[in-house]
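2 protein chains.
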Amino acid sequence: MDSVKSQSYEVHINELAKAALNQHVANRTYSKIFLLVDENTKKYCLPVLKEIFDGPVDSILEIQSGEENKHIQTCLQIWEDLSNLDGDRKSLLINLGGGVLTDMGGFVASTFKRGIDFINIPTTLLAMVDASIGGKTGVDLGSLKNQIGVINQPQMVLIFPEFLKTLDPRQIKSGYAEMLKHGLIQDEVYWQDLIKKSNFTDASCIQRSIAIKNEVVLQDPTEQGLRKILNFGHTLGHAIESYCLENHDRKTLLHGEAIAIGMILEGYLSHELRGLSKLSLDEIKKSFLRFFDKVDFTDEDIDSILQLLKYDKKNSHGNVNFVLLQAIGEAVIDIEVPEELFQKAFAYYKE
Amino acid sequence: MDSVKSQSYEVHINELAKAALNQHVANRTYSKIFLLVDENTKKYCLPVLKEIFDGPVDSILEIQSGEENKHIQTCLQIWEDLSNLDGDRKSLLINLGGGVLTDMGGFVASTFKRGIDFINIPTTLLAMVDASIGGKTGVDLGSLKNQIGVINQPQMVLIFPEFLKTLDPRQIKSGYAEMLKHGLIQDEVYWQDLIKKSNFTDASCIQRSIAIKNEVVLQDPTEQGLRKILNFGHTLGHAIESYCLENHDRKTLLHGEAIAIGMILEGYLSHELRGLSKLSLDEIKKSFLRFFDKVDFTDEDIDSILQLLKYDKKNSHGNVNFVLLQAIGEAVIDIEVPEELFQKAFAYYKE
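So the protein sequences, as listed, match chains P and G.
Following full-length UniProt numbering, the numbering of the first sequence begins with 1 at its first residue and continues without gaps.
Following full-length UniProt numbering, the numbering of the second sequence begins with 1 at its first residue and continues without gaps.
I should point out that these hints are in silico values taken from the structure, not numbers from a laboratory.
Heads up, a few of these hints could be off.
Claimed, not checked - Straight-line C-alpha distance at most 27 angstroms; calculated DSS-like pairs for lysine-lysine:
#1 165(G) with 90(G)
#2 18(G) with 90(G)
#3 90(P) with 228(G)
#4 228(P) with 32(G)
#5 278(G) with 294(G)
#6 173(P) with 286(P)
#7 228(P) with 90(G)
#8 285(G) with 310(G)
#9 310(G) with 90(P)
#10 286(P) with 228(P)
#11 165(P) with 196(P)
#12 90(G) with 310(P)
#13 228(G) with 165(G)
#14 350(P) with 286(P)
#15 344(P) with 310(P)
#16 286(P) with 196(P)
#17 32(P) with 310(G)
#18 196(P) with 173(P)
#19 228(P) with 90(P)
#20 90(P) with 251(P)
#21 165(P) with 251(P)
#22 32(G) with 310(P)
#23 228(G) with 32(P)
#24 173(P) with 42(P)
To be verified - To give an idea of the chain G side of the interface with chain P (calculated C-beta under 7 angstroms), a few residues:
#25 42
#26 57
#27 72
#28 76
#29 83
#30 85
#31 111
#32 148
#33 149
#34 150
#35 200
Ideal placement from N, C-alpha and C gives every residue a C-beta, glycine not left out.
Based on the provided sequences and hints, a complete structural model is requested.
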C-alpha cells in the first residue's frame, strides 16, 4: 500500500502507517503524549494500537461515544483533563476513534493553548475515508451539526483497516455511503465498481476514496469553491440527520444512512435542474436502496426537515445552495433550488 | 495619524479608521453584521460608534464584562446568539470592547462555522496597544488564563483614542504597563520617554506601542521565537493575576497591575542571570512603583503563586522559561530560572 500525500501531512496505510507513527514520535521531543479514546475504541482498538505503537502514552483520556456527545461540554472535559495532567504546548494528542472523536479531538488540540500537535487514527470506515481527512474539526451546537470548529491539519492520518473487523455492519455501510459519494462526484468508473461490491472494506477502495477526497481538499483547503462538491447529499442529508437526532421517537440515523437519503433526494434535484439522466437517477436510487433500507417520512417530518435546512452552515444570505450532478462523476456547486422541488424530491424517494 | 500595516490586516487610527471601516463594509457583501458589546461599551462606546459607522448593524449581542466571564460558557452564549439570529459564513462580527471582549469575540468568530470575518475596535488602552493586536484569541479555563484559543487575524483593528475618555484612571494605567513593557523589550528611548509622562493616552505613544508589537508579531506570528519577548513580565505576572482572581479575599488585580509586578520580579531575575545593571533594575522598580501601588504578598501567597506558575501555557516539559532583559531595550528568550531565585525576586519587590 502506498501513502497518499496531503497538504501539510500524510495519510499512511498499514505497515507504512505503523512505521510513520513510530518514527514521528521518535523524531519529536513531545513533552507528553495523550491518547483520546471512547468506551468502544478503548475496548476494541486500544489493544491493537498497543501492538502497533512502540512509544509511551502518558495518559489515556476517555470520552463517551456518539454524536449526542459531540458538543462543547465534552471539549471542556478534555481541555480540563489535558490541563490537569500537565499538558503543555509541546504535547501530542492521538485521536483513536470514529469521526465524532477525531472531529472533537482535532478541535480540542487546535484550541488547547492555541494549538498542539495531533494525529488521527480513524477506527471506522466513515472516519477513514472522510472525517479524518481534510482538516475539518469541530462540534455540534444543539442539534446543528459542526457549527463550532476550525480548519486545521493533523500531523498525520493513519489507516489500519484491521480496526474495521470490530465494527458492526451498519457502521461499515455508513462509511460506504461516503465512498459511493466519491464515485458520484468525481469518478464514474469507481462508482460502477463500488455498486457491484459486497466487500465494503477493500483496502484499495479505501485508498481510492482517500485519494479523491485529498485531491479535492488540496485544491481548495478552505472550501471557497471546488471542495464544496464533497457536500453532495449533505445539505438535505444533514437536515435529515439533525431531525432524527432531535426527535427521540425516531430511530437515529447514522451519518452515512442520512446522506444516502440525501444523495437520492439531491440526485432527483440534479435530474430536474442539471440534466442528470433519468437512467442515472434511477441507478443512484436503486443502488443506495440496495445498501440502505428505505426510511418512512410523514408530511410533518418533511416540513420539519425543510425548516432545519435554513440553519445548515453552508447557507449564505438565507438561500440554500446545493451541489448537484450533471452526470455521474461530474458535480457542480452553488446551485439554487426552488423550494417546491424539495417536496417532489421526497415524493420520488418514497415512490 | 498614519496607519500601521500588519500581516493580513491593518491597524488604523482616528479618521483613517473611520474611513477604513465604512469602506470595508461597503465593499463586502456581508449577509449580516453583528456587534458584540458588554454593558459598559454599550453605554459609553456604542453612542460614539454610531457617529463613526455609517453601515447597518443587524444585531447587537451583549455579554457581561470582566475577566471572570472570559470562559467557554460565554462563548457558547455568543455562538447560540449568532446561530439563532441566522448568522452564516458570510457574517461579520465587530468586537467593541476591552481585551476580554476582543479576545473572546475573536475566538467566537474564528470558530463559528469554522471561521467568519471579525473586526476589533478596542475601547481600553490595554486592548488598543496589546490585546487587539497580533491575532491571539481565546478564553480562560477555570483560573488559568487563555488556555483555550486560536491564533487568527481580524480583518482590521480600529483605534479611536476618544473611547479612552470614558475609562477610569486605573484602567488607563493598566494599559500603560504594556506600553512600558514595549519600551523595556525593544526601545530604551521610548522607555525613557514614557517614564516621564503624565499623559498616558498620548496618541503618538499608542501608535509607537502598536508599531513595536506589530513589528515583533510580523516576524513571528505563531510565537516560535522572537514573539516570546512580548511575554516579559507575564510569566510571573499571569500567575499573580490568576492567584488574585482565584482568591476572593484578595483584591483582583487588573492585567497591567499584575504584569507591572511581574516586570519588577523578572527584572530582578534579569539582573541575577543576564547582567541587567543594578541601576536599570532599580529604575524599573522605581518607575513601576510610581504608577502602581505596592501589593502585599505573604509567604503563603508567594507559595501559591509559584504553584500556579507550572500551569502557565508558556511552560514546556515542566520547566519554566522566562523572557529576561540584558539591558533596557534588549530582551532574550527561553531562559531557565533556578527556583530559589523566585523567592529572592519577591524579597527584592518587597524591600
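Outcome of the hint check:
1. 165(G) with 90(G): It is violated: about 34 angstroms lies between the C-alpha atoms, which goes past 27 angstroms.
2. 18(G) with 90(G): holds (22 angstroms)
3. 90(P) with 228(G): holds (15 angstroms)
4. 228(P) with 32(G): holds (22 angstroms)
5. 278(G) with 294(G): holds (20 angstroms)
6. 173(P) with 286(P): holds (15 angstroms)
7. 228(P) with 90(G): holds (15 angstroms)
8. 285(G) with 310(G): Within the cut-off at roughly 25 angstroms; holds.
9. 310(G) with 90(P): The given pair, whose Cα atoms are some 14 angstroms apart, holds under the 27 angstroms limit.
10. 286(P) with 228(P): holds (25 angstroms)
11. 165(P) with 196(P): It holds: about 21 angstroms lies between the C-alpha atoms, which stays within 27 angstroms.
12. 90(G) with 310(P): Satisfied, since the Cα-Cα distance of roughly 14 angstroms is no more than 27 angstroms.
13. 228(G) with 165(G): With Cα atoms ~32 angstroms apart, residue 228(G) and residue 165(G) exceed 27 angstroms; violated.
14. 350(P) with 286(P): holds (12 angstroms)
15. 344(P) with 310(P): Roughly 18 angstroms separates the two Cα atoms, so the pair holds.
16. 286(P) with 196(P): Holds: residue 286(P) and residue 196(P) sit about 12 angstroms apart, inside 27 angstroms.
17. 32(P) with 310(G): holds (15 angstroms)
18. 196(P) with 173(P): holds (14 angstroms)
19. 228(P) with 90(P): Given pair residue 228(P), residue 90(P) is violated - Cα atoms ~34 angstroms apart, limit 27 angstroms.
20. 90(P) with 251(P): violated (43 angstroms)
21. 165(P) with 251(P): holds (25 angstroms)
22. 32(G) with 310(P): Answer holds: residue 32(G) to residue 310(P) is near 15 angstroms, not above 27 angstroms.
23. 228(G) with 32(P): Given pair residue 228(G), residue 32(P) holds - Cα atoms ~22 angstroms apart, limit 27 angstroms.
24. 173(P) with 42(P): Holds - the C-alpha atoms of residue 42(P) and residue 173(P) are around 22 angstroms apart, at most 27 angstroms.
25. 42: violated (25 angstroms)
26. 57: Interface hint status for residue 57(G): violated (17 angstroms vs cutoff 7 angstroms).
27. 72: Nearest chain P Cβ about 6 angstroms off; hint holds.
28. 76: Holds, about 6 angstroms.
29. 83: holds (6 angstroms)
30. 85: violated (11 angstroms)
31. 111: With a minimum Cβ separation of about 5 angstroms from chain P (threshold 7 angstroms), the hint on residue 111(G) holds.
32. 148: holds (5 angstroms)
33. 149: holds (5 angstroms)
34. 150: Holds - the Cβ of residue 150(G) comes within 7 angstroms of chain P, reaching about 6 angstroms at its closest.
35. 200: Hint violated; residue 200(G) Cβ to chain P Cβ min 30 angstroms, cut 7 angstroms.
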